[in-house]
Amino acid sequence: MATLSDFNGYQPTWCPGCGDWGIGIALKMALVQLNYSPDNVVVVFGIGCSGNMNDFLNAYAIHSLHGRAIPNAIGVKIANHRLKTIAVVGDGDCYGEGTNHLIHAIRGNHDITVIVHHNSVYGLTTGQVAPTAPKGMKSKSTPSGIIDQPLNPLTLSLTQGATFIGQGFAGDTPHLIELLKKGLQHEGFSLINILQPCVTFNKINTYQYYRERGYRLPKDYDPSNYHLALKKSLELDDGKYPLGVIYQVKKPTFTNQLTQLKERPLVENEERRKEIFFQLLNTFK
Amino acid sequence: MATLSDFNGYQPTWCPGCGDWGIGIALKMALVQLNYSPDNVVVVFGIGCSGNMNDFLNAYAIHSLHGRAIPNAIGVKIANHRLKTIAVVGDGDCYGEGTNHLIHAIRGNHDITVIVHHNSVYGLTTGQVAPTAPKGMKSKSTPSGIIDQPLNPLTLSLTQGATFIGQGFAGDTPHLIELLKKGLQHEGFSLINILQPCVTFNKINTYQYYRERGYRLPKDYDPSNYHLALKKSLELDDGKYPLGVIYQVKKPTFTNQLTQLKERPLVENEERRKEIFFQLLNTFK
Amino acid sequence: MMTFTWKIGGEAGFGINAAGSIFSKFVARSGYYAFDYIEYPSLIRGGHNALEVVIADEEIGTLREKIDFLVCLNAETYQKHSVRLHEKSLILYDQAEFQPNGTGIKITLPFKTILSDLGGDLVMKNTVALGASVALLGGEIKILLEILKEQFAKKGERVIQFNQKFAQAGYEYILNHYPTLIHRILTYKKNNNKVVISGNDAFSLGVVLADCRFYSAYPMTPSSSVLHTLASWQEKIGMVVRHAEDEISVINHAIGSSFAGVRSAVGTSGGGFALMVESVSFAGIAEIPLVIFLAQRPGPATGMPTWTEQGDLLFAIFAGHGEFPKIVLAPSDHLEMLRLAAEAFNLADIYQTPVIVLSDMFLSESHRTIDEEKIRKLAHQYQIDRGKLIKNLERTEKIKPFLRYQITEDGISPCLLPGTDGFFYQANSYEHLEDSHTTEEALERKKQVEKRNRKIQTYLKNHFQTPKVYGNLEHASMVFVSWGSNKEAILAAIRDLEEKNNLKTALIHFSYLYPLDKNVLLSLFDKNKQYLLVENNSLSQFGNLLSMTLGIEIERKILRYDGRPITSYFIIDELKKNGDIK
Amino acid sequence: MMTFTWKIGGEAGFGINAAGSIFSKFVARSGYYAFDYIEYPSLIRGGHNALEVVIADEEIGTLREKIDFLVCLNAETYQKHSVRLHEKSLILYDQAEFQPNGTGIKITLPFKTILSDLGGDLVMKNTVALGASVALLGGEIKILLEILKEQFAKKGERVIQFNQKFAQAGYEYILNHYPTLIHRILTYKKNNNKVVISGNDAFSLGVVLADCRFYSAYPMTPSSSVLHTLASWQEKIGMVVRHAEDEISVINHAIGSSFAGVRSAVGTSGGGFALMVESVSFAGIAEIPLVIFLAQRPGPATGMPTWTEQGDLLFAIFAGHGEFPKIVLAPSDHLEMLRLAAEAFNLADIYQTPVIVLSDMFLSESHRTIDEEKIRKLAHQYQIDRGKLIKNLERTEKIKPFLRYQITEDGISPCLLPGTDGFFYQANSYEHLEDSHTTEEALERKKQVEKRNRKIQTYLKNHFQTPKVYGNLEHASMVFVSWGSNKEAILAAIRDLEEKNNLKTALIHFSYLYPLDKNVLLSLFDKNKQYLLVENNSLSQFGNLLSMTLGIEIERKILRYDGRPITSYFIIDELKKNGDIK
Ligand SMILES: Cc1ncc(C[n+]2csc(CCOP(=O)(O)OP(=O)(O)O)c2C)c(N)n1
Ligand SMILES: Cc1ncc(C[n+]2csc(CCOP(=O)(O)OP(=O)(O)O)c2C)c(N)n1
Ligand code: SF4
Ligand code: SF4
Ligand SMILES: [Mg+2]
Ligand SMILES: [Mg+2]
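As given, the protein sequences belong to chains A, B, C and D, one line each in that order. For reference, each letter of the first sequence is one residue, going 1 to 285 in this note's numbering. For reference, each letter of the second sequence is one residue, going 1 to 285 in this note's numbering. For reference, each letter of the third sequence is one residue, going 1 to 582 in this note's numbering. For reference, each letter of the fourth sequence is one residue, going 1 to 582 in this note's numbering.
Hints were generated in silico from the structure; no laboratory data involved. Be aware that a few hints might be false.
Stated by the list, open to error - Label pairs and their calculated CB-CB ranges: (1) D:410 with B:256: 36 to 46 Å; (2) B:268 with A:257: 50 to 60 Å; (3) D:390 with B:1: 20 to 30 Å.
Values in this document were obtained by computation on a predicted structure and should not be read as measured data. Note that beta-carbon positions come from the ideal geometry of N, C-alpha and C, so glycine has one too.
Only chain A is shown next, with the shape it has when bound in the complex (with noise of 0.2 Å):
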């Protein structure tokens, strides 16, 4: 039984008060609490603000390349299915960089949890606006304010068959653990998409901001309802944040899917190299 200090690596590097130390604890804490120790989970983090959490979460992990954090985690899945796999990445990293890596892993319901920082800025590289930013936000890259309308990563993510969507706020770590425990159970693909106030770059969506307009899902709310589901997605278009699972629907998984991977992960597939390599020669002559 793994505990939180053994997930804590170095002193994190956050900005005071921003949005992804409470990130960075509750997943911490829901590992624990789901029994996972750094030696049987694979992280892979992204590039920005939100991946720096390579340094400060210990734990079989891949310090990807910008925009690649969710193929390489469906790469692991594929290679040993038995480990918890779960992507750390931006919303910059995620839904800019990365957005087609995002459409077609939902796709495939690859058992993976990717947990994005929801910023509307690109932190690390000191602000400019991301692809969730607000229409109008200037930015050093946009000073006139960003001609583009925000992409809405919850109806994207449920019309292309994501099977599990949950939105949390970096404000409220509690339900946050709840959540991302509730994901990192999930068979299939998972988003959690979370609210995490950048406090040095973006000046509207503030802790005091999504207090405003954050609200939790009723306890009568039933996340299988897919229509239900496309109507709170869609408030996100209105400036309104419903937090707690949204969507959830039991599908086979990727790796389910592939024979080859029934009896036992595939970096342990027994070699009988040789035997099949003959067989197949002779399908030549």
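Based on the hints, put chains B, C and D with the ligands in the right spot on chain A.
Then chains B, C and D with the ligands, alone, in the frame of chain A:
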């Protein structure tokens, strides 16, 4: 006034009976009927059987890389927003290699028309599955049937803010010509998803298949009704294919929101270069 | 050596490729050796497809100048290829379609009528032509019928018989109408075990031999058939084959699965490889083993998808930002493709870095008959070497970081299998300390750069293979220098030059292209010989690599960059043009 | 030449960068020259930031070994940089935080108490330190207050006065407590017009001078400030600046706008450039003008984002699959960056191909004081040359194809502005005929390859610039050979070696890196001299390029690859280690 023959390039090399023939003719007819001619329209072609229209349709054109037609088209429009700019792409091209560019082009409401040959296969590379292939479809790269479920281009573009979404059928060219004209006349981003049977490699989505499941939207259909459009778009997931303008709403185009382009296209901007240069140099004193 | 070139041409979509591979198999099962090469446009229908099969009584891996038997399924085939006919060449055609006007023995066969009589459609012309060819070359029809049975096995008995019927019809038509023209080219010889494989098949077999269990790719000519072949084998051999959404996803799938301990490879062509290079650099600093199959085609950009060129060499060698070691191999023929494909996985594991296996359309899509024994021997010799991969390690009570990037003398650090109890570490795309945490410290950075670079010396010492020398360097007046798939064409030119022009030449042929060991190679080039660079590109990229590494410049160059492969007769024409020979 | 190094250090997020640029401006407006360089971690908060400003009475572009005045906003600054202090160095610190234990003149200033007394928070320490520095160096406080006014103009009067108050407080504290330590370093001299610009600012000004009207980029250190600067100017200068969703979209935006006739550029670093290389090949075959600003940082992969290296040279030179011409420039200093940025747009238009302008973090983010007159002269000389771009052409009655890829003697075809009445053509990523339709024909392919390759000879004949030679090649016992941003450090080493070690050395410095003209360059290297390669990378990539092109190998190398820039004192240490000098 250009004629059809002005637009005719090489004799097409598409397989006899391929839906591309219908799309090629319909596009030329639509351009002629809207008084365009090869010298005042820019068409950017992707790579695929679809993209091979580059040699069959005369226009100022770019035969782009696989998946990159949309950003090329945006660049053309920003440089000279007086030129009608069209992207002719395949579903592997636009919903696979280039999904990123589609989504972020939608966010900017760039005034380009994207015409997608939706044939659920990679035709030109001899028939592998495309991202729109129905789950379980067998192909050379998925002999036991594709595990991934198909992407839904209609809900994808609607939920991310496309201001014009139309769906046509290559087997119904009269209807397709009218649909293309509406898309071409739309100011802002227009997506026209054309159901295009690939007679050589796709034995599921045949003309017959689409005739049985496609239906023209009723005369009184209101394309400005978002929730109705969402309902219609979701029908794709159940193998029902509404034909016509599914959604249309008026929003300022990207180039219309650029004050720099108020008076004239970027390519015609008069040069106060040296004068401006010295003004800017002063700011470094 | 006896050689006989049979060539079949027609419109794309008329089964030229299928006919070619059936004929190649027929030649092998009749006890002979064959080499076949197809030229086809980037179209699904229309355009001209032509496939030639060189029959020989010894192993052959190159094309010959003359066509001995031209099968014309349309007039265009005759127009395009009659220039290579000689007076004794056989020309099979249908006079209802056109009348050949040049040299050669005209053999008209009423394809259309035969087909309509027996209720077959035009696309069956190739099967009739196969039957006729077997007859004209004195082959055994039952071998052809047997192959057709296997070919259409999946399509059921009715389709099998339907095809056999047309083969039989072609065969009998010749026996009845041209008994005097029967040649004794393919009279059955006891068939010692031979296989017919393409370069792509050889790579696929190498993947299996090396126990690679993850292959990801995005379709791109001429690499696609590896994806198709491995996809069809995956369940049987217990590997996973993944057609991902784009090439960046493809290589990052493989980086993830390789990190998790599974031997992994990706396949693509130049344009797809270009999308992968940021991640090649990632595998370089994170020190993750990766095999990349790069099947070249003429660029730049989309270029000429179905033709051949060696135009991506320097791009592949210097691919990826920043400095990190990589290994680039270029197999010279089908057998070496199989050997080096399997070897590449050992090198990738040993050096924990990307290994690029270069092919091109000519090697990838040509088929060669190889004695099965040679492949069995190679397979038995091959031993898997996973380098410093550790699968279990004694843990301490408290979980602790594993020194994934430990500074070592040979530059290679032990690598613990992720998931091993009691440890953790990260594969880091940032510069890092030995324990894999991120660093920006000057000394730590310097240590890691020097450690990664030491892998190059270790490779040159332990695994670099010097080029093979063919012919006698001392006596040769001219020495060809080349790499990859040009070898067989040059060896054929060497034989022809000796026989017809009494000119002694030799060949220095490279398959291990990068990094190169300067000291070992200099001695090869210090002879005051006339060296002649042969490359299938326009900028003599390997010549530039040699001058970069050895500081020597080879002035004389034979370069081809029109999308067609280097052949012995192309080389000989160039020597004639330059006055080296009459 | 008088030089005085002022260095300020503290935690990231405490305005070290802002203080540095204010101080640099102060030096320029006081009538002196400055060169500043910042070292900071890839963090927003925490970690150590340190910026040094070298003050001189002549133009200066390099760092000096000793620190004359160290401003410590925290104890870590003293620990990290005290090694470069000498006995007369001034050390400004707050004894409430730490007590410096080494050599130098300690000047304690109660930052904390001053700030709390006047109601300022800790992040204002840098403004107090600026005031104190102005006092200690005998500068005019009103110049500093004026700069602060402009700096916070957008933030309103209250913030301006707030900052001025703390500058004044620091200034007065020194006058009251350390009247005897006032130095006469920055006494006001009549300020002839000077500007303070970074390498990135110089590139941005070059973009404006060349009338480039489209710039697209994706944020990536150290290229991002060009995106920010041009974005802030776009409305004023009538250009469009586009932050696109990824680097592949960035370069394809620019290809589209350049095709439509607008001069276009993209900016990135090594990792982003790696994502662009498939499209670089596309611009190569479609012959579309494109300027690519590549600001290098230590790789591989994410590497060390905020440090400096010259590690992407060969990757950039051979970037892109297949063979096509490209031009690679590497400005040697801030003024040449402005000149070559503008020149790059002419070269891109003339040769209708990609032109890569190489920078690195050192050149991109350092600021240099330059006489405004030099820049005005350069701007007046610059003429826009759009090569063979045709804006109007007489049409015939019927619309007809324009021969976009016409075979020409110099390899460059006329290019009609798309939208021109009466014509059409396509920019084609496939191989193509002269009328731009796709082709797979052998002869047409050969003609187009040779046409594209002829551009290289035309460039070498008309626009290639030979390297600049500094010092006297004949008399020099040692000749440095280098490229890009190392120039000023080497020139400073040459001066020091002559003054202190009486050693005559010279420098051959390249800014036009690729392609290189062998014939012109060979004469430079045939002197039996001791040549010494100086590069900010570990594999001497330019050395390899020289041996590839000229077949000469430079044995002696001074290489730095720890993320820090080449400096004169690094070079001199290496010569000492090697026994060249005592
Ligand atoms: C290919 C590439 N392009 C650009 C960058 C530079 N870069 C580093 S972090 C970052 C954005 C970070 O934003 P986000 O993903 O939202 O993470 P955050 O910092 O906001 O947590 C960028 C663009 C990179 N590392 N790689
Ligand atoms: C980067 C890259 N990867 C792969 C290819 C090979 N390729 C050519 S066409 C094609 C797919 C075509 O499918 P689609 O876009 O659906 O067009 P269709 O042929 O079906 O009309 C592919 C993968 C390429 N040209 N470039
Ligand atoms: S810049 Fe923003 S996202 Fe990054 S650490 Fe600081 S507050 Fe957090
Ligand atoms: S392969 Fe399919 S999509 Fe391509 S031309 Fe033939 S029928 Fe049309
Ligand atoms: Mg972010
Ligand atoms: Mg398709």
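Cross-check of the supplied hints:
In this structure the hint that residue 410 (chain D) and residue 256 (chain B) lie 36 to 46 Å apart at CB holds, the actual value being about 42 Å. The given range of 50 to 60 Å is respected by residue 268 (chain B) and residue 257 (chain A), whose C-beta atoms sit roughly 56 Å from each other. Restraint check, residue 390 (chain D) to residue 1 (chain B): a C-beta distance of roughly 25 Å satisfies the suggested window 20 to 30 Å.
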